[in-house]
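Participant: Residues per chain, in single letters:
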Amino acid sequence: MDALRRLLPECPRDPASDTPPVPGRRRFLGDALAGIAASAAPVAFARDRLQPGPQPGLPAAALANSLAHVPGAFGPTPMTIQGRWPAGLQGVLYRNGPARFVRGDTRYRHWFDGDGMVHAFAMGPGGISHRGRMVATTRAGLEQAAGRFLWDGFGTHFADARPTRSPDTLNVANISVLPIGDEVMALWEAGSAWRLDGRSLQTLGRKTWSPDTDGAPFGAHPRIEPDGRIWNIGYLPGSGKLLVYDISATGRLHRSAMLDMPHADMVHDFAMSAHHLVLVLSPLVFERGEGAFGDLLRWQPQRGNRIVLIDKDTLTIRAQYEGEAAFFFHLGNAWEDGDSVRVQVMNQAPYPALHAAIGQATRGLPITPLVPVPASERVIDRRRGTVRDTVLPTGGNEFPSFDGRHAGRPARRLVVLGRSADAPADAFGFDTVQVLDRQTDSVARFAYPRGVLAEEHLFVARPGGRDSDGWIVGTHYDSRAHRSGLSVFDAGHVEDGPLAQVTMPYALPMGLHGRFVAAHG
Amino acid sequence: MKRYLPCLVFAVAAFAALPAVSATLTVEITGVTQTAGKMMIAVYDSEASFRQQAVRQRIEAPVKGTMRIAFDGLPAGPYAITLFQDLNGDGELNTKLFGIPAEPWGASSNGKGSFGAPTWEAASVPLPAGGATVTIGLE
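As they're listed, the protein sequences go chains Z and Y. In terms of our numbering, the numbers along the first sequence are unbroken and rise by one, the last being 521. In terms of our numbering, the numbers along the second sequence are unbroken and rise by one, the last being 139.
Derived from the structure by calculation, the hints contain no laboratory data. Treat the hints with caution; some may be incorrect.
Unchecked claim - Subject to a maximum C-alpha distance of 20 Å in a straight line, what follows is the list of computed SDA-like cross-link-like pairs (lysine to any residue): (1) Lys312(Z) x Lys112(Y); (2) Lys112(Y) x Gly294(Z); (3) Lys96(Y) x Thr164(Z); (4) Lys112(Y) x Thr169(Z); (5) Lys112(Y) x Val285(Z); (6) Lys112(Y) x Lys207(Z); (7) Lys96(Y) x Val285(Z).
Unchecked claim - To spell it out: a stretch of chain Z is covered by chain Y in this simulated footprint if at least three of its residues, at any positions, have a beta carbon under 8 Å from a beta carbon of chain Y; those stretches are: (8) 161-168; (9) 195-204; (10) 373-380.
It should be emphasised that the depicted structure is a prediction, and the values quoted were computed from it without experimental measurement. Even for Gly, the Cβ is constructed at its ideal location relative to N, Cα and C.
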């Protein structure tokens, strides 16, 4: 049977794929268990599909299709591995993402609204299995009982929505995960973390770090030091303040501090260098009124971006700088460089255009095409008090990941998602995995076949390996087959395509962020 | 949030000066889960006095589930209601970081703007001559 059709059973027959294999490439044989020597060839995936000939399209409704008819839970599902799973890559990939969008007659209209579902992909000597469970937040329980959504979402306003009285009122725990010990926490933008059992993904309860911070916003992108120490921020739109958390590797709150931060109405992410927490504040101003939070953020580019350096020792603001306005969700790594601090910024189209496009894509509509904006490295010269930007050669990108053993230090590689130049402009999503190598100043790329959307791809260190030596692990949604999959690449050779791949017997709702927990710590 | 201890003399004097038309404002509190402490309810009749000087206030023993408190003899017009359950008996709505209330609380709402501390614009509801019930969910 044609190897390609075994991978993609529902694809239309493409005469180009019937061409004989390239001489020298071994035909692979799928098998259920990693380590069987017969199937050592890279997975025959993208390279074959890049043959000339008609390509299936990427429908504008791809994201929306993945979000439709999501079951309440998945698995545990053992899965078949194609190719050879690296023997040293064992542990659990946790992911989180919005999953429930309909209750009764009420329907969310923005990707970021859906109730969170956490996934665990357990990778071990016996193979790979998948499990997914909804996070049983307070809000989800009340709305389940009522049979409808009772409050607004980030991007959806209901005329009869109940008022938002506290950060946790809206908390759907759907953005990211923070595994600590036997638990994994589901994180949200500006509310409490929710605790799940790390194995069963059963919800255990709302996380309280201390009586003082109980119910305070806990951000979705904590930064973790190489030694495991955890930093996080919490913000409340319109408050003029920012909360900083300093948490031990075992999950004990060591300190918290409230800082004056008048421009912090939407701070999704922050970065960490050896001595500083780096806040880059986009000019988004929250305007109280009737509507969903995401619609009440006013984009004011004339204000520029404000960069704030927080001293990690004292948890006080060391200095502030002004830079060019740019909207972004995510920052990459940051590091000290002599008198300067460098931070990688995943710039995006201006907020109003991107916010509208995500709403269109969620509803299955073609999006108004987004201007691609390149990522940049911002150099904050502390001596001169200036900010200088260098464009990164990766083009427009999202979902940055790097070697956590070098977090806050100049890690060699940055993994980011991108879009191929010929991806249809009216379809939202990413299809390319890029690896920026700062040492060689080069970018390696792997493009998924047309019709496949990539989700976050994480760098995973090879145990005992050097800086940025290891693998890249990430999921994707195949809109043609309506199935999701998981791939692993060599971080040094992403252009060779997946070393191994798993195709799930179902589609997962396209999700957001995850973390990998290596076996044995 | 300000102390819920308006000057009773002021409130009585203000009431005595009002016209003869009077309506009953019934405040229905839902979602009461604890019986500790006291339910403190304050009624305001203008933006200028909102959360500063209540025209009526009541202190009640909490009842699990739903409570109904009637304020009689009010002239028709807009009113806003704020309330909290004073669990520790200090007369104040205690707050945590970011001013997030540490005790259960609620406010009337007309749907205009729904984030954080209530404003007169978002909390004022009309009391017609025939009276009205305002339902407030305790958070």
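Participant: State for each hint whether it applies.
Facilitator: For each hint, the structure was consulted:
1. Lys312(Z) x Lys112(Y): violated (41 Å)
2. Lys112(Y) x Gly294(Z): Given pair Lys112(Y), Gly294(Z) holds - Cα atoms ~16 Å apart, limit 20 Å.
3. Lys96(Y) x Thr164(Z): Cα-Cα ~17 Å, so holds.
4. Lys112(Y) x Thr169(Z): Judged against 20 Å, a Cα distance of about 17 Å means the pair holds.
5. Lys112(Y) x Val285(Z): Roughly 19 Å separates the two Cα atoms, so the pair holds.
6. Lys112(Y) x Lys207(Z): violated (31 Å)
7. Lys96(Y) x Val285(Z): violated (24 Å)
8. 161-168: holds (count 7)
9. 195-204: This one is violated; 0 residues, fewer than the three required, reach chain Y with a Cβ under 8 Å.
10. 373-380: Our answer is that it is violated, as 0 residues pass the Cβ test (under 8 Å) against chain Y, missing three.
Figure legend: structure checked against the earlier numbered hints; hints not met, in rising order: 1, 6, 7, 9 and 10.
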